[in-house]
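*Asks:* Each chain, written out:
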Amino acid sequence: MKRIFAAIWTIVMLLAGTVAAVAADYVIDLTHSHVLFMVDHLGFAKMVGLFTNFSGNFSLNPENVTASKLAVTIKTDSLQTQFAPRDKDLKGADWFNVTEFPEMTFVGTEFAKKDEHTGTITGNLTLHGTTKPVTLDVVLNKVGQNPLDKQNSAGLSARGTLKRSDFGMKAFLGPIGDEVDLIIEIEAKQKS
Amino acid sequence: MLDNPILQAALICFMLGLALAGLVRLIPAPSVASLVPTVVFLSSYVMTYHQVPAFPPVGAVNKIFYIALAAALVGFVLDFLRTTKLDRALAVIVPGLIVGWIGLPRFAYGDLEALTTASALWLGGAVVIWRLNVVGTSTAERNGGSLVGIAMLIALMVAFAPVALLGGSSTSLMLCFVAVAGLGAVAIWEFLIPRDAFGATSVLGAGSGFLAVVSTVTLITREIDSVGLALLLLIPYAGQLGAWFLPPRIHGRARQVLVGLMAGSPVLAVMAILLLRHPEFFASMRAEQ
Numbered sequence: 001m002k003r004i005f006a007a008i009w010t011i012v013m014l015l016a017g018t019v020a021a022v023a024a025d026y027v028i029d030l031t032h033s034h035v036l037f038m039v040d041h042l043g044f045a046k047m048v049g050l051f052t053n054f055s056g057n058f059s060l061n062p063e064n065v066t067a068s069k070l071a072v073t074i075k076t077d078s079l080q081t082q083f084a085p086r087d088k089d090l091k092g093a094d095w096f097n098v099t100e101f102p103e104m105t106f107v108g109t110e111f112a113k114k115d116e117h118t119g120t121i122t123g124n125l126t127l128h129g130t131t132k133p134v135t136l137d138v139v140l141n142k143v144g145q146n147p148l149d150k151q152n153s154a155g156l157s158a159r160g161t162l163k164r165s166d167f168g169m170k171a172f173l174g175p176i177g178d179e180v181d182l183i184i185e186i187e188a189k190q191k192s
Numbered sequence: 193m194l195d196n197p198i199l200q201a202a203l204i205c206f207m208l209g210l211a212l213a214g215l216v217r218l219i220p221a222p223s224v225a226s227l228v229p230t231v232v233f234l235s236s237y238v239m240t241y242h243q244v245p246a247f248p249p250v251g252a253v254n255k256i257f258y259i260a261l262a263a264a265l266v267g268f269v270l271d272f273l274r275t276t277k278l279d280r281a282l283a284v285i286v287p288g289l290i291v292g293w294i295g296l297p298r299f300a301y302g303d304l305e306a307l308t309t310a311s312a313l314w315l316g317g318a319v320v321i322w323r324l325n326v327v328g329t330s331t332a333e334r335n336g337g338s339l340v341g342i343a344m345l346i347a348l349m350v351a352f353a354p355v356a357l358l359g360g361s362s363t364s365l366m367l368c369f370v371a372v373a374g375l376g377a378v379a380i381w382e383f384l385i386p387r388d389a390f391g392a393t394s395v396l397g398a399g400s401g402f403l404a405v406v407s408t409v410t411l412i413t414r415e416i417d418s419v420g421l422a423l424l425l426l427i428p429y430a431g432q433l434g435a436w437f438l439p440p441r442i443h444g445r446a447r448q449v450l451v452g453l454m455a456g457s458p459v460l461a462v463m464a465i466l467l468l469r470h471p472e473f474f475a476s477m478r479a480e481q
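Keeping their order, the protein sequence lines are chains A and B. Heads up, the first sequence is in the numbering used here, so the first residue is 1 and it goes up one at a time. Heads up, the second sequence is in the numbering used here, so the first residue is 193 and it goes up one at a time.
Treat the hints with caution; some may be incorrect.
Taking beta-carbon pairs under 10 Å as the criterion, some of the chain B residues facing chain A (in silico) [claimed, not checked]:
#1 245
#2 250
#3 275
#4 276
#5 281
#6 298
#7 302
#8 364
#9 366
#10 409
Just so you know, the hints here were simulated from the structure itself, not pulled from any lab data. Ideal Cβ placement from N, Cα and C applies to all residues, glycine included.
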């Protein structure tokens, strides 16, 4: 009996290893993903904003990370900061200018692995009509089957910073910080 | 109080206006003196947005700088040639070009609301540019002059500042206040040593810059209070209307000061209307501070 269990266990582990080694395409699950930013306000505290509408997909191959792909599109009009007049201001022509630039995009160009679960993604961020490279530190939290819906899923956390002035957003520089922290939490479902 | 970035920028612009308007009094060239309000406006822009935008400009906010610059250059050529033949035509054409260029991204989608708003802006802009030209280049006896022209520009910017804030553009509010500080310094010189140099450069440069700001908030930020904005059109006529009640014995600088103050009187009406129409907004702004 012990031998049978051992054989089954070995087969399961081998299958799991095969699944993990093969490249898979994923679609971002908006209901479990978050894109936040933080920017200094007068040196007192950081204001937090988030985008509630975005989409994207990525291709992940744990055995060959450099061959991965990533493309994310964020609807700038979905910005929220918990204060309606500020939201209106930030969506206006002086900041995100959602009328002229309704989307910002991030397309990964360089994927580097640090260790089994961490790495960096460098990509081109197009924001406010300007495209600049931005590097994100990424932690691949988990790849596996979601126990609730039984779909293969992947989850990652990404952190990074950018200078808003690089993207032409220079209003109130000084009182409002130039460096913007990015906090990204992504859960994605494998494409069937 | 001086650690407030808006006040700091306003103070710098005031000093700049004071220095430039004083310096041009040493130069016997009205076309150069007429550049000052435009230089003040452009400086206000740079201090507000911390940049001279790259050319070609991307986005409406960056277009503002080049609109003011290009219009001022056209005005400078006209002032240099001492011709007024094109004044009427330019009062119609220039606002049309400004509104058209700023609103272009919305027109591209066949946005009917944008076209209607742009048409109204064009009409209003033409009125403002035309009246700035008539009043600014006129004489005190005809209720005009450089001082009245600058007062009109100041009144337009002060009145538009809360409209801009309400319309989701605190940066435009800052731009207006900084420019007003610089123009205020120019007004002081105009009062002390009148120069009567409010030529086409001032009208087209500063006037077009202002119109570009209004167009950006209206067509791109798109949260404008149309009643407050429409009331701005009282400013180009308020001085002239008020002057009917001024006895002829009040003349010269005294008349210009009074006409200028009357041109600014609609500012109070704009602010009162905005407060009445949006009490919750201004209460929330106070709470934020």
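*Asks:* Provide an ascending list of the numbers of those earlier hints which the structure does not satisfy.
*Replies:* 3, 4, 5 and 7
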